[in-house]
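S.K.: Sequence:
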Amino acid sequence: MSARLLRHRRAVVPVLIALALALFPAARAWALAPVPGGVPPRPSAPASPDPSLQEHSLASAPAPLDNPLKGFARFYWPGSDQNTGYPHSLTWSYFGLSEVMTDPADCSAYNWSILDNALDEIASYGNQAAVRFYLEYPGGSGSHPGNAIPHCFDGHVTYRTNTYWGTTSPDYDSPYLLDALGDFIAAFGDRYDGDPRIGFIHLGLIGLWGEWHTWPFDTDTADGYPNFMPTDAHATQILQAYDSAFDHTKLETRYPDSAGGAATNRDIGYHDDSFCYKEGSPLAGVTLPQSLGGAGYAQLQRALDAGAENKWITASMGGEVRPEIQSSAFASWPGGSGQVDDMKACIELEHTTWKINEQSQSYAPGDPNVAAAVRLMGYDLGVDDAYFTNTASGTTNVGVRISNRGVAPFYYPWTVTLGLRNAAGTVVKTFDTSWDLRTVMPLKIRAFPDWGVGPDPTYLDYGYPQYFQTGVNLSGVPSGGYQWVLRVKNPLEAVSANAKKLRFANAAQGADGWLALGRVTVGTGGGGDTTAPTAPTGLASPSRTATSVTLSWTASTDDTGVAGYRVLRGGTQVGTSATTSFTDTGLDPATSYTYTVKAYDAAGNASGASAPVTVVTLPSSTAGLVLDDFDGDPAYPSAARNDLGKWTGGNCFRNGGGSGAVSGGALSLSYDNCGWFGSDVNTDLSAYTYLVVRIKGAAGGEQAHFNLGLGGVTKVFGDYTLDGGGHPAVTTAYQDIKIPMSANGIDRASPGQLAMGFWYGGSSTITIDSLSFQ
Numbered sequence: 001m002s003a004r005l006l007r008h009r010r011a012v013v014p015v016l017i018a019l020a021l022a023l024f025p026a027a028r029a030w031a032l033a034p035v036p037g038g039v040p041p042r043p044s045a046p047a048s049p050d051p052s053l054q055e056h057s058l059a060s061a062p063a064p065l066d067n068p069l070k071g072f073a074r075f076y077w078p079g080s081d082q083n084t085g086y087p088h089s090l091t092w093s094y095f096g097l098s099e100v101m102t103d104p105a106d107c108s109a110y111n112w113s114i115l116d117n118a119l120d121e122i123a124s125y126g127n128q129a130a131v132r133f134y135l136e137y138p139g140g141s142g143s144h145p146g147n148a149i150p151h152c153f154d155g156h157v158t159y160r161t162n163t164y165w166g167t168t169s170p171d172y173d174s175p176y177l178l179d180a181l182g183d184f185i186a187a188f189g190d191r192y193d194g195d196p197r198i199g200f201i202h203l204g205l206i207g208l209w210g211e212w213h214t215w216p217f218d219t220d221t222a223d224g225y226p227n228f229m230p231t232d233a234h235a236t237q238i239l240q241a242y243d244s245a246f247d248h249t250k251l252e253t254r255y256p257d258s259a260g261g262a263a264t265n266r267d268i269g270y271h272d273d274s275f276c277y278k279e280g281s282p283l284a285g286v287t288l289p290q291s292l293g294g295a296g297y298a299q300l301q302r303a304l305d306a307g308a309e310n311k312w313i314t315a316s317m318g319g320e321v322r323p324e325i326q327s328s329a330f331a332s333w334p335g336g337s338g339q340v341d342d343m344k345a346c347i348e349l350e351h352t353t354w355k356i357n358e359q360s361q362s363y364a365p366g367d368p369n370v371a372a373a374v375r376l377m378g379y380d381l382g383v384d385d386a387y388f389t390n391t392a393s394g395t396t397n398v399g400v401r402i403s404n405r406g407v408a409p410f411y412y413p414w415t416v417t418l419g420l421r422n423a424a425g426t427v428v429k430t431f432d433t434s435w436d437l438r439t440v441m442p443l444k445i446r447a448f449p450d451w452g453v454g455p456d457p458t459y460l461d462y463g464y465p466q467y468f469q470t471g472v473n474l475s476g477v478p479s480g481g482y483q484w485v486l487r488v489k490n491p492l493e494a495v496s497a498n499a500k501k502l503r504f505a506n507a508a509q510g511a512d513g514w515l516a517l518g519r520v521t522v523g524t525g526g527g528g529d530t531t532a533p534t535a536p537t538g539l540a541s542p543s544r545t546a547t548s549v550t551l552s553w554t555a556s557t558d559d560t561g562v563a564g565y566r567v568l569r570g571g572t573q574v575g576t577s578a579t580t581s582f583t584d585t586g587l588d589p590a591t592s593y594t595y596t597v598k599a600y601d602a603a604g605n606a607s608g609a610s611a612p613v614t615v616v617t618l619p620s621s622t623a624g625l626v627l628d629d630f631d632g633d634p635a636y637p638s639a640a641r642n643d644l645g646k647w648t649g650g651n652c653f654r655n656g657g658g659s660g661a662v663s664g665g666a667l668s669l670s671y672d673n674c675g676w677f678g679s680d681v682n683t684d685l686s687a688y689t690y691l692v693v694r695i696k697g698a699a700g701g702e703q704a705h706f707n708l709g710l711g712g713v714t715k716v717f718g719d720y721t722l723d724g725g726g727h728p729a730v731t732t733a734y735q736d737i738k739i740p741m742s743a744n745g746i747d748r749a750s751p752g753q754l755a756m757g758f759w760y761g762g763s764s765t766i767t768i769d770s771l772s773f774q
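Note that my numbering gives residue 708 to position 708 of the sequence shown, counting from 1, and the numbers run on in steps of one.
In short, the hints are calculated from the structure, not lab data.
The hints are all genuine.
In silico lysine to aspartate or glutamate, EDC-like type, Cα no more than 20 Å apart, as pairs:
1. Lys-646 to Asp-684
2. Lys-444 to Asp-461
3. Lys-715 to Asp-747
4. Lys-715 to Asp-680
5. Lys-429 to Asp-512
6. Lys-489 to Asp-66
7. Lys-444 to Asp-456
8. Lys-344 to Asp-456
9. Lys-646 to Asp-629
10. Lys-489 to Asp-436
11. Lys-489 to Asp-512
12. Lys-344 to Asp-367
13. Lys-696 to Asp-672
14. Lys-696 to Asp-367
15. Lys-696 to Asp-629
16. Lys-444 to Asp-588
17. Lys-646 to Asp-633
18. Lys-344 to Asp-631
19. Lys-489 to Asp-193
20. Lys-344 to Asp-736
21. Lys-344 to Asp-588
22. Lys-696 to Asp-584
23. Lys-489 to Asp-432
Construct all of the structure, not just a fragment, from the sequences and the given hints.
M.R.: And the structure:
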């Protein structure tokens, strides 16, 4: 079928695209200009809620791991179950160009059946596809050819042999090839732009695997290999053809400096297919920039050099977790080990949305490290509050405030729909809105050290909780009690009943996609709970570190019972709690933060704010004396030496043969009412003020399970007194607990041995990242 006859192709694809575009109109018109390098300016602050509406707070909860268009992508294997392994919503596949350009005599003839068949099968499992076309693939993929140069190129395009990889490499500067690829891209876009079955397209076509490199036959000809890559001008032709052909579907290219950086000012993202890997001797990262130990050719160093490190604001960041590290990529989360670089830094600084990760099929579904990484990737949307009158009729307003705690926006303008659900659970009326989720930017972004705004990691305020409001007409709705509900329509639902729903990080989120916002009475009658809880009192901070603040308060009361509490920092919600305490993490050292707390009930009625409390985090850790950082040198327990060269060891623990075990640069001590750990200090500590224990617990609250002895003082760990009068509280996240030694009676001149005993009836695991004095 020739390009001139594309209008006669099968009708099904245009219909699918029309359906999809009806669900996200004017996508191109919305597109923002790329943001230049350096600290990005914050978006404009959103509108404030209508004060005539009642505020209904929503409890937060972890978002699902298979939310659409983010997280991991598995490879497409025809005929196999596409949903095995770790939860995911994306499926990746390569396609050889010769599998579509099948006519040896006509380069303008295209047979799309191989792509359509794959997209249909992927969609049948509720997943969206990420795809790439290529011309040369060393050895082939097993189901796709190694040489995918269409035979219609024969006799028109010069072929070279990549002797290193054993591939045939066409002359990418050939005018015939460039014209044929331009026509293919135009036909590809004409047929598939906006197709709901496709989430992301890698530009491909150039180089090995379509990855826009031909190593070692590349621009570095000093190694004796000729250059097989196209000129920047010719590569730009390919890139421009894609940008012109696709207005809706998100595009990605390999490097920020591909085609001389031609993608920088276009709506094209980047695709790091060696994500968070370290190579060479000494090891250097190929994702993180040089300021964080990366190589000069690292992906983010290239982005910085091109002034394109903020490209994520408008374009997606995809790629592949380097295959060599996929099985262990998250074992040392949030950091890395060996050839795995600092994984959290990689995700936060690249603003990763999705990654190919075939070996995720072997990840344990309950692995907390993997779950934390997946939820951080891309968007992580939660509805903080809903705003509506508890009794309504005729025309009324409904609003929501949505926050994004991920690292990137949601990149598609999917339709957000309000609904009314009756007591039987049936949504009886719906209202499509004009709300655009693409405007909900991440609340915080991690600063590059190169920006010079603080030590790494420094987090900057960026997005806001975005407020949306719309008017709805309740005419025709029978009087009675309902729930306001909200959902986001995945356009893939027009194709597959199994399409995965976009779900919010809220406790009231349903698997069917509907999020309950709160109860409403339609009509003029009363009914329903409209009484808000009392405001919390006694808000205080019992403990703080350089990067966290722990809060506590006195419980509120309510006529039907308090459901939970919203914690606000500077007026912005940062979390919820079902108890009367909360720890806010990821803060900046030596910084003042002001908190308030609001209570809410099951009906969503919210109290007024508590009296504020202002807390100043402790200064950042300064260089001190490290007793042990458990980095494996000296090896624990075999060397029986700490970082001071003195004795250390343990017994009666459930792991490590009784001694505890070091993994990922931290000491894990698993105990069941038995365990002892000791590490000799025997060094004058008069120059130091604090014993610093960087620690986390498997369940939290382990501070009551063990004692700690040093310098003639032994106390249950939770009984030590911290600056400000608080006491240590072990949480499930690492924190630096700084115990002032003199204030607790510890003899700094003669500290003796640091010892810990676990004979207080507890059963859990604590992990100690380091022991030091500051």
